[in-house]
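Asks: Sequence:
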Amino acid sequence: MLKHWRRWSTAVYAGTLWIGLGFWTATHRPAPTVDDWVVMYTLAGLLLLVRKFSIPITERDRLYFDTVYLVGFSLAYQDRLQVIVWGGLIYAVVSAFQAKRRPAAQLTAGTAFTYCAFVSAVVTQNCFAAQPLFSITQVLPIVLYGAVYFTLNVVLVTAYFVLDMGIKGLQEFRRVFSVQFVMVYAIEILIGLLLALVIHEAGLAGAILLTGLILLVSYSYRDYFKLAQHFKQLAIRDELTGLYNHRWIQSWIDSRIEASQPFSLLMVDIDRFKRYNEIFGHVQGDEALKLMANLLRETCLPGEEVARYSGEEFAIVLPGADVKQAEARAESLRKAVEQASFPGVHKLPGQRLTISVGVASYPDMADNKRDLLMMVDDALYKGKFTGRNKVSIYTSVLDELKRELATDEEREIIQTIKVFLAILNSKDRYTYAHTERDVRYAEALGRRLGLSESALRNLRFGAFLHDIGKVEIPLEVLTKRGPLTRDEWNIMKSHVEIGVRIVEQIPSLAPCLPIIRHHHERYDGTGYPDRLAGTEIPLEARILTIADSFDAMTTSRPYQQKRTLEEAFAELRSCAGKQFDPDLVEPFIEVVGEIGLLSEEAEQDPA
74 MLKHWRRWST
84 AVYAGTLWIG
94 LGFWTATHRP
104 APTVDDWVVM
114 YTLAGLLLLV
124 RKFSIPITER
134 DRLYFDTVYL
144 VGFSLAYQDR
154 LQVIVWGGLI
164 YAVVSAFQAK
174 RRPAAQLTAG
184 TAFTYCAFVS
194 AVVTQNCFAA
204 QPLFSITQVL
214 PIVLYGAVYF
224 TLNVVLVTAY
234 FVLDMGIKGL
244 QEFRRVFSVQ
254 FVMVYAIEIL
264 IGLLLALVIH
274 EAGLAGAILL
284 TGLILLVSYS
294 YRDYFKLAQH
304 FKQLAIRDEL
314 TGLYNHRWIQ
324 SWIDSRIEAS
334 QPFSLLMVDI
344 DRFKRYNEIF
354 GHVQGDEALK
364 LMANLLRETC
374 LPGEEVARYS
384 GEEFAIVLPG
394 ADVKQAEARA
404 ESLRKAVEQA
414 SFPGVHKLPG
424 QRLTISVGVA
434 SYPDMADNKR
444 DLLMMVDDAL
454 YKGKFTGRNK
464 VSIYTSVLDE
474 LKRELATDEE
484 REIIQTIKVF
494 LAILNSKDRY
504 TYAHTERDVR
514 YAEALGRRLG
524 LSESALRNLR
534 FGAFLHDIGK
544 VEIPLEVLTK
554 RGPLTRDEWN
564 IMKSHVEIGV
574 RIVEQIPSLA
584 PCLPIIRHHH
594 ERYDGTGYPD
604 RLAGTEIPLE
614 ARILTIADSF
624 DAMTTSRPYQ
634 QKRTLEEAFA
644 ELRSCAGKQF
654 DPDLVEPFIE
664 VVGEIGLLSE
674 EAEQDPA
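Taking this note's numbering, the leading residue of the sequence shown gets 74, the next gets one more, and so forth.
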């Protein structure tokens, strides 16, 4: 019912303008002469001819010539405005009958343009009665004419949008109103002025010749523009999915940060997509990527944009969204994918295709693109290493540490450590994710044991920094798939002393140094680097030793298969009094039973 009412309302709107113009020309001007009929039908014919041609300016804006001819003829034949009005109205009616879609819209547009040209000419005549409007030397009349035409056109177009779409019409008009919009109108009025000068010098023959030139230019430029747009789309669109590509999303982020406009970024990765490709082949994998792209595109809200960031990764930008809003949107996307049907998913774990989503926000979490991308990437991989099919917001104990430090010098050192961790993360993602899990396990056990808040703080920071020394371990040793040689093992063991050397530059972190140095000591005194035994090992280091070993046992690595929860518990109990403090094993097992296995579904390859 509302749709039909709007359709009739726009038709009545056009009819009102049409009748008003017709009534004025019938009552205020003399009957047309033969020359008037010639001008009227020439104008109507040229308008109908050029209506089929336009020059694209941008993807959204086009240069139409109906305004050009109405402006040109109303300026050239200012003493015959009734003829110009009837020519415009004939064009509006005939073009409406020719329109295959939305004839009321075409009738409204033709009538509104005619109305604008008529009113602009009348106003300018009254203000500059003694000056010819088409004279290039008389600038003020032309400026007034253009200003009246543009203002009246904006008012009429806005009214049409509101009648056609209701309150959403105002939003739609604001969307199309831009600098390009104003420039197109300025160009149309200037070409109309040129047409008026041609008619003044060469009459209707000159108008016809100029029309031929316009049509040739329009036809030639249209092909050029299509070609340019084709290459532009190739530069910013992903060929397989049709989404925006990596280049476009980078440019979007740059422009948003340059304008200091807040937004959130979601990084989406398809879980176990490598296995999907191995089972069904890359052709079927490509089809799954297309289905995923369509699903993400359809699920996005107005204003949000989705791009294919890399192989099976997608980036989604949420303008104006804060972290909480972004988390809610990410969760709705995750659920939509989880419930969607993809071919062959019955052969995958869980019999479904799922996604992991990392979330970060500008400027709340990062003030530059590099840090933002690093954060959202870390959040994504943290989610993949700790279970998949989840939404992860970027968090870092290091950022918490930086906020708690007292001096600027200490904060600068923490920034240096952050760089070290970024390097370590790029060398071995397992170590970085493993560290985050160690922090959670160790803190949970510390709370169970009743440690003070200051001791928990030191434990948390020590657990986070305990492997920082691995930044100086050669990559071939750090990620070696087979057993280490004696020399390689000695290199690997040196990471505890390297870590102490890095962290000891921060005086406020001095309580963390024993944790970093002694987390590989064994309760029976056979550990390294100082072969401490029993309670000689600091309590916090004994806590971290259990957390560190448990996570290593329950996470797959190239050189070992992960153990089940029961197998890991059995190993902890069998090593109580040897590797681990026997008084800490059972409390730790109870803690894991409460918080759950953080690496429950993790695999070495998070693809």
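Simulated from the structure, these hints should not be mistaken for lab results. There may be inaccurate statements among the hints.
[What the hints assert, rightly or not] Cβ-Cβ distance ranges computed for the label pairs, FRET-style:
#1 Pro375 - Gly523: 35 to 41 Å
#2 Ala232 - Asp327: 37 to 43 Å
#3 Glu639 - Asp395: 25 to 31 Å
#4 Ala232 - Val212: 40 to 46 Å
[Claimed, not checked] Cut-off 35 Å, straight-line C-alpha distance, at most; resulting in silico cross-link-like pairs (DSBU-like, lysine-lysine):
#5 Lys305 - Lys347
#6 Lys651 - Lys566
#7 Lys363 - Lys463
#8 Lys635 - Lys553
#9 Lys125 - Lys347
#10 Lys125 - Lys173
#11 Lys397 - Lys553
#12 Lys566 - Lys553
#13 Lys442 - Lys397
#14 Lys173 - Lys442
#15 Lys347 - Lys363
#16 Lys408 - Lys566
#17 Lys347 - Lys173
#18 Lys363 - Lys442
#19 Lys125 - Lys397
#20 Lys442 - Lys463
Every residue gets a Cβ at the ideal spot worked out from N, C-alpha and C, and that includes glycine.
Asks: Hint numbers the structure violates, sorted upward?
Replies: Of the numbered hints, 1, 3, 4, 9, 11, 14, 16, 17 and 19 do not hold.
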